[in-house]
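Generate the whole structure from the sequences, applying the supplied hints.
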Amino acid sequence: MTRHHAYIPALGRDGLTPLYDPLQKWIMREEKFKRDLIARANIRAGNRVLDLGCGTGTLTILIKQAQPQAHVFALDADPHYARFVSILTRRLERASENIQGLLPKIFRNAGFTEVEETARLTTFFGTLVLYQANKPQ
Numbered sequence: 027m028t029r030h031h032a033y034i035p036a037l038g039r040d041g042l043t044p045l046y047d048p049l050q051k052w053i054m055r056e057e058k059f060k061r062d063l064i065a066r067a068n069i070r071a072g073n074r075v076l077d078l079g080c081g082t083g084t085l086t087i088l089i090k091q092a093q094p095q096a097h098v099f100a101l102d103a104d105p106h107y108a109r110f111v112s113i114l115t116r117r118l119e120r121a122s123e124n125i126q127g128l129l130p131k132i133f134r135n136a137g138f139t140e141v142e143e144t145a146r147l148t149t150f151f152g153t154l155v156l157y158q159a160n161k162p163q
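If you're matching positions, the sequence shown starts at 27 in this note's numbering and goes up one per residue.
Worth flagging that the hints you see were computed from the coordinates, not collected in a lab. Where hints are given, some of them may not hold.
With beta-carbon atoms standing in for the labels, derived distance ranges [stated by the list, open to error]:
(1) Q91 x F150: 25 to 33 Å
(2) L147 x D62: 16 to 24 Å
(3) I53 x Q95: 16 to 24 Å
(4) L49 x R146: 31 to 39 Å
(5) Q95 x L49: 15 to 23 Å
(6) A92 x K51: 13 to 21 Å
(7) W52 x A92: 18 to 26 Å
(8) R146 x P94: 13 to 21 Å
(9) P94 x F150: 18 to 26 Å
(10) R146 x W52: 18 to 26 Å
(11) T148 x W52: 26 to 34 Å
Just so it is clear, CB atoms sit at the ideal spot from N, CA and C, and this is done for glycine as well.
Structure, rendered in structure tokens:
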């Protein structure tokens with residue numbers, strides 16, 4: 027049974043979260059559309075990029091591979107993905123700052139409350155995350 031969250035877990039239930047990435051790869055051409063998004067974003071060296079709703083970090087990793095000199099930050103509201111975010115941060119770069127603060131209301135309602143409003147982001151990704159925004163009670 028799914029507990030109440032400020033967000034809807036991937037695939038609608040906590041227990042299905044581990045199946046999300048394999049299904050995305052199989053059902054959608056995930057890597058292709060994510061690479062296309064990155065190309066359109068025209069990320070340059072030194073840009074500060076946030077992948078909001080990063081999940082296991084498939085997009086985060088592709089961003090860093092496409093532009094290794096960009097500062098890439100990953101954030102997800104689902105605690106099941108917290109360990110992936112921690113691993114990503116260590117793998118991608120040692121970020122000395124914690125990205126926390128305010129976001130637009132739709133993201134706050136979905137449980138994304140931790141992004142520093144003074145963090146000067148140049149690029150913002152939120153792919154496949156808005157459908158997980160739960161209506162406020």
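The hints, checked one at a time:
no. : hint                   : in the structure
1   : Q91 x F150: 25 to 33 Å : violated (19 Å)
2   : L147 x D62: 16 to 24 Å : holds (21 Å)
3   : I53 x Q95: 16 to 24 Å  : violated (33 Å)
4   : L49 x R146: 31 to 39 Å : holds (35 Å)
5   : Q95 x L49: 15 to 23 Å  : violated (33 Å)
6   : A92 x K51: 13 to 21 Å  : holds (19 Å)
7   : W52 x A92: 18 to 26 Å  : holds (23 Å)
8   : R146 x P94: 13 to 21 Å : holds (20 Å)
9   : P94 x F150: 18 to 26 Å : holds (19 Å)
10  : R146 x W52: 18 to 26 Å : violated (38 Å)
11  : T148 x W52: 26 to 34 Å : holds (33 Å)
Hint compliance for this structure: hints 1, 3, 5, 10 are broken, all remaining hints hold.
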